[in-house]
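Taken in sequence, the protein lines are chains A and B. Heads up, the first sequence is in the working numbering, so the first residue is 93 and it goes up one at a time. Heads up, the second sequence is in the working numbering, so the first residue is 2 and it goes up one at a time.
Since the hints were made in silico from the structure, they are not lab data. Source: prediction; values computed, not measured. Every residue, glycine too, gets a C-beta built ideally from N, C-alpha and C. Take these hints with a grain of salt, some might be off.
To be verified - A few chain A residues that face chain B, going by a derived Cβ cut-off under 7 Å, partial list only:
#1 Phe124
#2 Phe132
#3 Pro139
#4 Ala140
#5 Phe145
#6 Thr149
#7 Gly202
#8 Ile207
#9 Val211
#10 Ser319
#11 Ile376
#12 Phe377
#13 Leu379
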Amino acid sequence: MSLTSSEAPARTAPAGLRPTPKRRPDKTHLFFLLPTLAAFTLCIALPAVMGIFYSFTNSVGYGEWDFVGLANYELLFTDPAIMASFWFTLWFSAVTVIATNIVAFLLAVGLTAQIRARVPMRAIFVIPMVVSPIIIAFVFQFLFARTLPTAARAVGFGPLEDSILANPNLAWASIVIVTAWQAVPGAMLIYIAGLLAIPGDLYEASALDGAGPWKQMQMITIPLMASYIVINVILTFKNFLNAYDIIVGLTDGGPGTSTRSVAMTIFSGFETGDYAYQMATATIFFLITLAIAVVQMRLMRRKDQ
Amino acid sequence: MSSSSIDSIGTTRRIPTNRSKARLGKDKYNLPLTIVLAVCTLAVLVPLFVTVSMAFKTGAQAVEGKAFSLPQPLSIEGFVEAWKMTDFPVSFGLSVFVSAIAVAGAVLISSMAAYAIHANWGRKFFKFAFFYILAAMFLPFPVLALSQIKLSGLVGLDTPLGVGILHIMFMLGFNVLLLTTFLRGMPHELEEAARIDGASTWQTFWRVIFPVLSPMAATVGIFAFLFSWNDFMMPSMIISDPALQTLPVVNQLFQSQFSSNYHISFASYLMAMAPAIIVFVFTQRWVLSGVTQGAVKS
Numbered sequence: 093m094s095l096t097s098s099e100a101p102a103r104t105a106p107a108g109l110r111p112t113p114k115r116r117p118d119k120t121h122l123f124f125l126l127p128t129l130a131a132f133t134l135c136i137a138l139p140a141v142m143g144i145f146y147s148f149t150n151s152v153g154y155g156e157w158d159f160v161g162l163a164n165y166e167l168l169f170t171d172p173a174i175m176a177s178f179w180f181t182l183w184f185s186a187v188t189v190i191a192t193n194i195v196a197f198l199l200a201v202g203l204t205a206q207i208r209a210r211v212p213m214r215a216i217f218v219i220p221m222v223v224s225p226i227i228i229a230f231v232f233q234f235l236f237a238r239t240l241p242t243a244a245r246a247v248g249f250g251p252l253e254d255s256i257l258a259n260p261n262l263a264w265a266s267i268v269i270v271t272a273w274q275a276v277p278g279a280m281l282i283y284i285a286g287l288l289a290i291p292g293d294l295y296e297a298s299a300l301d302g303a304g305p306w307k308q309m310q311m312i313t314i315p316l317m318a319s320y321i322v323i324n325v326i327l328t329f330k331n332f333l334n335a336y337d338i339i340v341g342l343t344d345g346g347p348g349t350s351t352r353s354v355a356m357t358i359f360s361g362f363e364t365g366d367y368a369y370q371m372a373t374a375t376i377f378f379l380i381t382l383a384i385a386v387v388q389m390r391l392m393r394r395k396d397q
Numbered sequence: 002m003s004s005s006s007i008d009s010i011g012t013t014r015r016i017p018t019n020r021s022k023a024r025l026g027k028d029k030y031n032l033p034l035t036i037v038l039a040v041c042t043l044a045v046l047v048p049l050f051v052t053v054s055m056a057f058k059t060g061a062q063a064v065e066g067k068a069f070s071l072p073q074p075l076s077i078e079g080f081v082e083a084w085k086m087t088d089f090p091v092s093f094g095l096s097v098f099v100s101a102i103a104v105a106g107a108v109l110i111s112s113m114a115a116y117a118i119h120a121n122w123g124r125k126f127f128k129f130a131f132f133y134i135l136a137a138m139f140l141p142f143p144v145l146a147l148s149q150i151k152l153s154g155l156v157g158l159d160t161p162l163g164v165g166i167l168h169i170m171f172m173l174g175f176n177v178l179l180l181t182t183f184l185r186g187m188p189h190e191l192e193e194a195a196r197i198d199g200a201s202t203w204q205t206f207w208r209v210i211f212p213v214l215s216p217m218a219a220t221v222g223i224f225a226f227l228f229s230w231n232d233f234m235m236p237s238m239i240i241s242d243p244a245l246q247t248l249p250v251v252n253q254l255f256q257s258q259f260s261s262n263y264h265i266s267f268a269s270y271l272m273a274m275a276p277a278i279i280v281f282v283f284t285q286r287w288v289l290s291g292v293t294q295g296a297v298k299s
């Protein structure tokens, strides 16, 4: 602190008043940014470049390696295990996006209406956002594996008498439920902000014109909330693509490999020695994420205009 | 519109909208909707209730695996066992350590970087740095994991410290975006006044910029804590020594062994969840507003 404060004022004071691009940047500003930039490069940019680089080799994570061109990519697109994890992840994400946004939207509408105990209820609905995904997945695992079958047996409801976690055709549903459970609060808060931004006069005017609550929802609320719906759909989709913690806690990718996400497939490369191969998976995964980001920016820009 | 004119016969006597009801009188609550929402809160409360209830059971009662039976008698046996099995003071301490690094880094490093970028927005290099940092928002951990595991092992950062640093770096893009947007809304005169009084850049940052930034920095810090405290993916991949694992990872041990000692596992889950819920209760205001600000700016 003493170092910069003793000499800096004389030189930087005029620059602060009217910054001219040609003057050399303030040393303190460089000190604020450069170490962070260096650490960022080592932690994020370098691994990204490394990953793409090794995806064109046959490296097993250590020792010698050779370039193999696009061999990893060719193999990857015909590898049923990897393709299955991509399809599972995309499909699970799409289903969960729909479930999350419908529930979040309805809760937001409810919580902005004239109800009792609005503040405490809003706080309760936000709690899932702050609990550890893997821990709550362990809790739900108990509920799905023990409580649900017991309850189903008590009422004689066949399909649920065995744990859905052990059923390859139903295990995905448990992951959708828990992921949505956790993601609803974030989307809900964004919808609440959107609903509160709609001018109240619109509702009053439409009521005078004779519009009922359902008509108001169709003609006012949903059109004016369109941009918020777009934001939420993209944000939740981006998050769900990285699904890992909740799946580990519920099914650990099983039964078999029926609920294995892309993240789990990539991580397996470290144990199985498919290092370069899974780097190629990661690169493809990155391209998908990037494509979604591009769509996001397009839609956002349209919103701004 | 013909249908709506028919509807209007029924609706004219009704008080029109939710919001205007508030102005007309506070006693006009929508009771059925309140009841529906109250029932919906059970979806949140039941799993939490089951956790607490199971945690306070005796071993003999927990083995039955009944989610909705109340603890009879109340017992802290599960907590005592969980404390020993997870080496709680160590794993808790390590979780606190990782979260502290993530929070301090998120608040200080992001604020300083955001200020430097904001103050030099006219310079190409700083503008480039801004977009360079932002680009990382498109690089989720699974994409970088394999390289990061290798690199962190090479430089000896396959430790809680390494995870803390990675947490800072993964949040940097989003935080810098939030903070620079916030700084852009700050009146220029504040900084200029400090300059005229002869303050250095360093002093200007600490005495003028950072205090102005503090509400946003608080939001950034709370989200850093929640993210870091709850994270399982990064510590489980990066930390190589199982003895140095954080709380969420340590709780995995109940999956393989002792699977019917539910009172122990749920006591452990409760101890891992509680800090985040407690922090949330005290910082609700920032959490609720933070989500909205984040969405608007991202």
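Taking the hints in turn, this is what the structure says about them:
1. This hint holds: Phe124 (chain A) has a C-beta 4 Å from the nearest C-beta of chain B, less than the 7 Å allowed.
2. Using the Cβ-Cβ criterion of 7 Å, the hint placing Phe132 (chain A) at the interface with chain B is satisfied: the shortest such distance is roughly 6 Å.
3. A distance limit of 7 Å between C-beta atoms decides the matter here; for Pro139 (chain A) the minimum to chain B is near 3 Å, and the interface restraint holds.
4. Look at Ala140 (chain A): its Cβ gets to within about 6 Å of chain B, closer than 7 Å, so that hint holds up.
5. For Phe145 (chain A), the interface hint is violated, since its Cβ never comes within 7 Å of a Cβ in chain B; the closest pair sits about 9 Å apart.
6. At a threshold of 7 Å, the smallest CB-CB gap from Thr149 (chain A) to chain B is about 13 Å, leaving the interface hint violated.
7. Interface hint at Gly202 (chain A): satisfied, since its Cβ lies 5 Å from the closest Cβ of chain B, which is below the 7 Å cut-off.
8. Using the Cβ-Cβ criterion of 7 Å, the hint placing Ile207 (chain A) at the interface with chain B is satisfied: the shortest such distance is roughly 4 Å.
9. Evaluation of the Val211 (chain A) hint against chain B yields a violated restraint, the C-beta minimum of about 9 Å exceeding 7 Å.
10. Evaluation of the Ser319 (chain A) hint against chain B yields a violated restraint, the C-beta minimum of about 10 Å exceeding 7 Å.
11. Below 7 Å, beta-carbon pairs count as interface contacts, and Ile376 (chain A) has none with chain B, the closest being about 10 Å; its hint is therefore violated.
12. Hint status for Phe377 (chain A): holds, given a least beta-carbon distance of 6 Å to chain B, under 7 Å.
13. Checking Leu379 (chain A) against chain B by beta carbon gives a least distance of about 10 Å; that is not within 7 Å, so the hint is violated.
Of the numbered hints given earlier, the model fails hints 5, 6, 9, 10, 11 and 13; all others are met.
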